[in-house]
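Asker: Read off the chains here:
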Amino acid sequence: MMMQRSMLLLPLAVEATMHAQQQRGMATLQSISIRLKSVKNIQKITQSMKMVSAAKYARAERDLKAARPYGIGAQQFFEKTEIQVDEKAEPKKLLIAMTSDRGLCGAVHTGVARHIRNELAKDDVNTKIFCVGDKSRSILARLYGKNILMVANEVGRLPPTFLDASRIAHEVLQTGYEYSEGQIVYNKFNSVVSYSLSQLPIYSGATVEKSEKLAVFDSLDADVIQSYLEFSLASLIFYTMKEGACSEQSSRMTAMDNASKNAGEMIEKLTLIFNRTRQAVITRELIEIISGASALE
Amino acid sequence: MTNAWRAVGITYIQYSNIAARVLREALRTELRADAAKRNDSHVKFTPWANGKPAPRQTQSES
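Protein chains in written order, with full-length UniProt numbering: chain Y, 1 to 297; chain X, 1 to 62.
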């Protein structure tokens, strides 16, 4: 008996929900037009953001070309000296996250943050983070807030200058955290459509002095090495900031382009629904009028 | 060999930046306007300790 009742009830319930869904799906003409308008506005915004970032990208790429020698020169020194990190001593790592304050640019910031998260998952006791840009801070602060040494923000509004880089380098050196090795995690710009996550190694003066290849260089003393390392840190930071800024702008360009395209698709669909609903409303009104007229006859 | 600026407690970065600023200011007027743009930096620093922003003891100028 119960079975029969429930079997009878079931189709009724299904019918009720279907009816409700149809009601929800058949939005009123006004609500569709409001939605259509807002999507159109969003498309306008994303399109203009794309234009802005395209202009900024062109400049960033030009700047990057000029900044590349800084990075390459500084990297060459580390490659040629073949620095060996002392395995026995407890490694104290410093990770510098090169991001910026601004979002809406695809996965540039999350990529950097993810790499750092993986590094921290290996060893989160002897690793500290220096966040350049608010984005890396906001991603990392929740899980690894204790590892953050310092945050530099107001990055990315204007193209980075060497003074910005040298001030960051200065802060890195002044934190009082004695790192033995480190990494600058940044996005390396390949082309307009591609960038790749890269790391550059950095070393402290003590680590560099232990290198055997250092004897190859002429007239080197601790003072020169210290000065050079300070300068090379600033150069590397400058170079990676430029790379990061360029990848960010190019990535924002593609992201905004995709957003505009998606908005376009949505507008197409919404216009179709809008017109169909309008037709339906007209037809229904006609039917009402005609049937009303025929009832009067 | 200890440099005078090192003895004062200035790092090489600060030393070279001061030199660069002086050079930019010595440029001709028509070139100076362009170079002056490279003279400023807006980056702000906030030290963090124990997962929270910590107040800084002394504000250092580069």
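Please note: incorrect hints may appear among the correct ones.
[To be verified] Heads up, simulated DSS-like pairs for lysine-lysine below, C-alpha to C-alpha not over 25 Å straight-line:
(1) Lys-122(Y) <-> Lys-92(Y)
(2) Lys-146(Y) <-> Lys-52(X)
(3) Lys-65(Y) <-> Lys-93(Y)
(4) Lys-56(Y) <-> Lys-52(X)
(5) Lys-37(X) <-> Lys-65(Y)
(6) Lys-122(Y) <-> Lys-44(X)
(7) Lys-93(Y) <-> Lys-52(X)
(8) Lys-56(Y) <-> Lys-93(Y)
(9) Lys-52(X) <-> Lys-261(Y)
(10) Lys-80(Y) <-> Lys-65(Y)
[What the hints assert, rightly or not] Looking from chain X toward chain Y, a few residues come up when the C-beta cut is under 10 Å (computed):
(11) Ile-13
(12) Asn-17
(13) Ala-26
(14) Arg-28
(15) Thr-29
(16) Arg-32
(17) Asn-39
(18) Asp-40
(19) Phe-45
(20) Lys-52
(21) Pro-55
Because the hints were derived from the structure by calculation, they are not lab data.
The model shown is predicted, which means the values in this text are computed figures rather than measured ones.
Think of the CB as a built atom: it goes at the ideal place given N, C-alpha and C, for glycine as much as any other residue.
Asker: Hint by hint, say whether it matches the structure.
Answerer: These are the hints, each one checked on the structure:
Of the supplied pair hints, the one linking Lys-122(Y) and Lys-92(Y) holds, its CA atoms being roughly 13 Å apart against a limit of 25 Å. Taking the CA atoms of Lys-146(Y) and Lys-52(X), the gap is about 8 Å. The hint holds against a cut of 25 Å. Of the supplied pair hints, the one linking Lys-65(Y) and Lys-93(Y) is violated, its CA atoms being roughly 30 Å apart against a limit of 25 Å. Between Lys-56(Y) and Lys-52(X) the alpha-carbon distance is near 33 Å, which puts this suggested pair outside the 25 Å criterion.
The suggested pairing of Lys-37(X) with Lys-65(Y) holds, with an alpha-carbon distance near 19 Å, which does not exceed 25 Å. Among the hinted pairs, Lys-122(Y) with Lys-44(X) is inconsistent with the structure: their alpha-carbon atoms are about 30 Å apart, more than 25 Å. Distance hint between Lys-93(Y) and Lys-52(X) is fulfilled; the C-alpha atoms sit about 20 Å from each other, no more than 25 Å. A hinted pair counts as satisfied when its Cα atoms are at most 25 Å apart, and Lys-56(Y) with Lys-93(Y) does not qualify at roughly 34 Å.
Taking the CA atoms of Lys-52(X) and Lys-261(Y), the gap is near 40 Å; set against the 25 Å cutoff, the hint is violated. Only pairs whose Cα atoms come within 25 Å are accepted, and Lys-80(Y) paired with Lys-65(Y) is accepted, the gap being roughly 23 Å. Because the smallest distance between the Cβ of Ile-13(X) and any Cβ of chain Y comes to about 4 Å, under 10 Å, the interface hint for this residue holds. Here the hint on Asn-17(X) is kept, as its CB sits about 6 Å from the closest CB of chain Y, short of 10 Å.
Restraint check, Ala-26(X) versus chain Y: the minimum CB separation of about 17 Å is more than 10 Å; hint violated. Hint status for Arg-28(X) relative to chain Y: violated, with the closest Cβ pair at about 21 Å, above 10 Å. A distance limit of 10 Å between C-beta atoms decides the matter here; for Thr-29(X) the minimum to chain Y is near 21 Å, and the interface restraint is violated. A distance limit of 10 Å between C-beta atoms decides the matter here; for Arg-32(X) the minimum to chain Y is near 16 Å, and the interface restraint is violated.
For Asn-39(X), the interface hint holds, the least distance from its beta-carbon to any beta-carbon of chain Y being 7 Å, beneath 10 Å. With its C-beta approaching chain Y no nearer than about 7 Å, Asp-40(X) sits inside the 10 Å limit, and its interface hint holds. About 5 Å separates the beta-carbon of Phe-45(X) from the nearest beta-carbon of chain Y, less than 10 Å, and the hint is met. At its closest, the beta carbon of Lys-52(X) sits 7 Å from a beta carbon of chain Y; the interface hint therefore holds under the 10 Å criterion.
A cut of 10 Å between beta carbons decides the hint on Pro-55(X): the least distance to chain Y is about 13 Å, and the hint is violated.
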